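Given next are the chains, with one letter for each unit.
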Amino acid sequence: MFAAVFLCAGTLFASDVTDDFSHANQLFAEGKFSEAAKAYESILNAGSVSQNLLFNAGDAEFKSGNLGRAIAAFRRAELLAPRDADVRANLDFARNQVQGVTWRQSWWESWLGSLSLNEWTALAAITFWLTFILFAVVQLRPEWKNVLRGPARGMAVAAVFFCACLMAAANVHFSDSVAVVVSPDAVTRSGPFDDAQNAFAVHDGAELAILDERNGWVQVTDGSGRTGWMKGSQVEVLPVI
Amino acid sequence: MIRVLKLFSPALALLFCCVSTAFGANFTASLDRDNIAMGETATLSLTFEGGQPGNVPTPDVPGLDIANSGNSTSFTFVNGQMSSVVTVTFSVTPQQTGRFVIPAMQADIGGQRIQTQPLTLIVTRPGAPSTSQINSGSQVAFMRLTLPDKKVYPGEMIAGQLQIFFRDDVQNYQGFQFSSMPADGFTVGKLSQGGTERARIGDHVYTVIPVSVALTAVKTGTLTVGPFTANVLIIVSQNNGEWGPFGGFFGGQQKQVTLETEPVTITSAPLPTVDVPTNFNGAVGDYTMSVDAGPTNVAVGDPVTVRVKISGRGSLDSITMPAQAGWSDFKIFSPTSKTETSDDMGDEGSKTFEEIVTPQNARIHELPPISFSFFNPDDGNYHTLTQPAMPISVTAVGATPLPTIAGTRTENQPTQAQDIAPIRQNFGALAQAGTPLVTRPTFLAIQSVPVLAFITALVWRRRADSLANNPRLRRQRAVEQLIAGGLDDLNKFAAENKSNEFFAMLFRLLQEELGERLDCPAISITEADVDARLVSLGANQETIDSLRELFQACNQARYAHVQTSEELSALVSKFKRTVAALQELKV
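Note that the protein sequences, when read in sequence, are chains A and B. Residue numbers for the first sequence, in our numbering: 1 to 241. Residue numbers for the second sequence, in our numbering: 242 to 828.
Pulled out of the complex, with its shape left as it was, chain A reads as follows:
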């Protein structure tokens, strides 16, 4: 009975989300990009997230002129599907429209971002398991030692490599964040106060590395050594990978 209730509820939920998603797509097709963006956002606010939803939300925000929100949506889609060519193309396209200096993650962070954190975890776990299974088989069947020696060593090297990658990816995921400017009239200040001096100008869509957070303000750097404080409402904070 519980299973039936859950199944029914799940079907109704999926049906509602699909209807809302189709409605938002319809608005987009009619050229009502702002309304489409709001429709996508309402689905997201309801707790439903998918790669395609974020992708479409990014498209709608981009067409509405909200460059920062578009980039934020594409980045979130990229976190779910790091190797999706369309997502990457749209993200690059949107980034090319951004004026002024923007922060770019390092090459190794980009490389780590080619797989999601769970994918790195799965790779590390699989190689780890295979390594120890091979080691155990060598103990149980010593006559296979010569045959299994090479694969076991290779798998051990792979396990160490993927575990190191996982640690690096987890470190970046949990410790580094990026702020995407989503306000067209954003400004950085020298301190976390409304009346603090202006530090440097930023534009809608600029991606800035986060250094600190305090009282609803985030301290950001643009990658050229300049730092400043921005209101949390002017940025969308995302993990780097």
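The reader is advised that the hints may include incorrect statements.
[As the list claims (entries may be wrong)] Label pairs and their computed distance ranges (CB to CB):
(1) B:Asp570 to A:Val147: 21 to 27 Å
(2) B:Leu826 to A:Pro142: 30 to 36 Å
(3) B:Pro629 to A:Ser42: 38 to 44 Å
(4) B:Lys733 to A:Val147: 42 to 48 Å
(5) B:Ile307 to A:Ser34: 52 to 58 Å
(6) B:Pro518 to A:Glu213: 52 to 58 Å
(7) A:Val147 to B:Arg681: 34 to 40 Å
[Claimed, not checked] Which residues of chain A face chain B? A few of them, derived with a C-beta cut under 7 Å, are:
(8) Ala89
(9) Thr121
(10) Ala201
(11) His203
Because the hints were derived from the structure by calculation, they are not lab data. Computed from a prediction, not measured in an experiment: that's the story for all the values here. Using N, Cα and C, we set each Cβ at its ideal position, and we do this for glycine too.
Using the hints, position chain B against chain A.
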């Protein structure tokens, strides 16, 4: 003693009741003070006379935090008559200023319901003492705040001087804590405590604790710092600081006091708007700059490390590397910075920026000049420090693609597409919510399974190797298995009354067991070997006799009549006992 008490306890209870009713009950509430400042604590005492209270009321007054702090009971004998007094105390800590009324409370004592009078407590905002109060020496502790007598500029760091005074009759203080440090238009930085001093004010000597406060102006106009407020628990000598049997050494009076400074104003002037260097980015202070770079002999695409060290006095944390012109032939990576301060407040020291740049072509012959501008509040002028261009040798190599780390988009960068990719029509798979796998305890616990499997296999392998390398142990195991199987056969032969097969098997098993025990071939074992060699292994006479009987039974069976199943079964039991005894021998 306990039995005596038990015997007399009803009498004591009766006596107590008599006392309670004989002298009449009373219930009073009192405050040790009716006027306190925020941060101080008053004591509310509920006194129950003439008996144990049936209930102890706990007052609840909005704005006051009232907590039980202890109970006490005393008995007094006056003219041969006893009376009891129970006192319950509460600490009363105000949460806000104002006039508070602790309402009347009721309690049952000795069957009577008695009510107290309402109490009034006035809580005032602590204020800084006046100069005359300070000079009169009436203040047991106070605090002063002074700022430099000058105008400041936004971004300039100044040191506020805070002095905390404790009168000479303060034996000790603890729990000093700032409760408020308002500084409108300033950011409050590090605090640095100086060495303790002594000062005479009026007729008293005070211990002075200086504390420097780093303040950085963030806006212009008339700025107000303070009033700073702090709470501290002091212990005041009860005999004017003299150490003696009734004061000082044996403890003074504890007192929670609130200290407050006068607010201090200072003018923050805007930075001059004339002659502002183009690359000025807000640095205020007095600085010097040194630059070094290396290596200076590189190929195109090779990294060159440029270190810019800004040293001096000012808000080092807020210094940022200004954008440099003329570096378009270089790809510039994100710089890192490191701040080293030489004083406790952090307003003197150096900040080093380390920037990796890579030359993009072989036509480059020098690293472009680097400049840094700041405003010096001491002379009121802007200054620009410039490091001249440094020669560099760049040789051409094959084109090496470089990772994109940082950079400014230029207008002539080609775009890869004319428009964004179109939207998708299907919703797609719902993203799985929740924490990443790597942080789930269950997932991490499962990763121990292959390790445990490997350890199990390793232990198994070690044991197998150990057995293979020990022929004695191997033979012992083999004989144990042979005996176990042979016993089944013996039972079967006994049941079927096949005495020939039975005794042949019995003889063989005896030979195998003894051969293993004596470490010699089984076939060479005879009855004659049993006595001498087994005794040397420590076998007892009963075991030897039993063995001898078994051997004799085997020998006799060749000539004697066929024995019954019961007799054969009895021999099996004897064989089991004998083998068990043999296996206990240490070989």
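So does Pro629 of chain B sit 38 to 44 Å from Ser42 of chain A, Cβ to Cβ? Violated: the Cβ-Cβ distance is about 59 Å, outside 38 to 44 Å.
Would the hint on Ala89 of chain A stand, with a C-beta cut-off of 7 Å toward chain B? Since the shortest Cβ distance to chain B is 6 Å, the answer is holds.
Lying within 52 to 58 Å: is that true of the beta-carbon distance Ile307 of chain B to Ser34 of chain A? holds (57 Å)
Pairwise beta carbon distance, Pro518 of chain B to Glu213 of chain A, judged against the given window 52 to 58 Å: violated (32 Å)
Within 34 to 40 Å or not, the Cβ separation of Val147 of chain A and Arg681 of chain B? holds (36 Å)
Should the hint that Thr121 of chain A touches chain B count as held when the rule is a Cβ pair under 7 Å? holds (4 Å)
Let's test the interface hint: is any C-beta of chain B closer than 7 Å to that of His203 of chain A? violated (10 Å)
Supplied distance hint 30 to 36 Å, evaluated on CB atoms of Leu826 of chain B and Pro142 of chain A: With a Cβ separation near 35 Å, Leu826 of chain B and Pro142 of chain A satisfy 30 to 36 Å, so the hint holds.
Does the nearest C-beta of chain B fall within a distance shorter than 7 Å of the C-beta of Ala201 of chain A? violated (12 Å)
Taking the beta carbons of Asp570 of chain B and Val147 of chain A, is their distance inside 21 to 27 Å? This hint is violated: roughly 57 Å between Cβ atoms.
So the hint says 42 to 48 Å: do the beta-carbon atoms of Lys733 of chain B and Val147 of chain A match that? The hinted range 42 to 48 Å holds for Lys733 of chain B and Val147 of chain A, with Cβ atoms some 46 Å apart.
Consistency note: the structure conflicts with the earlier hints numbered 1, 3, 6, 10, 11.
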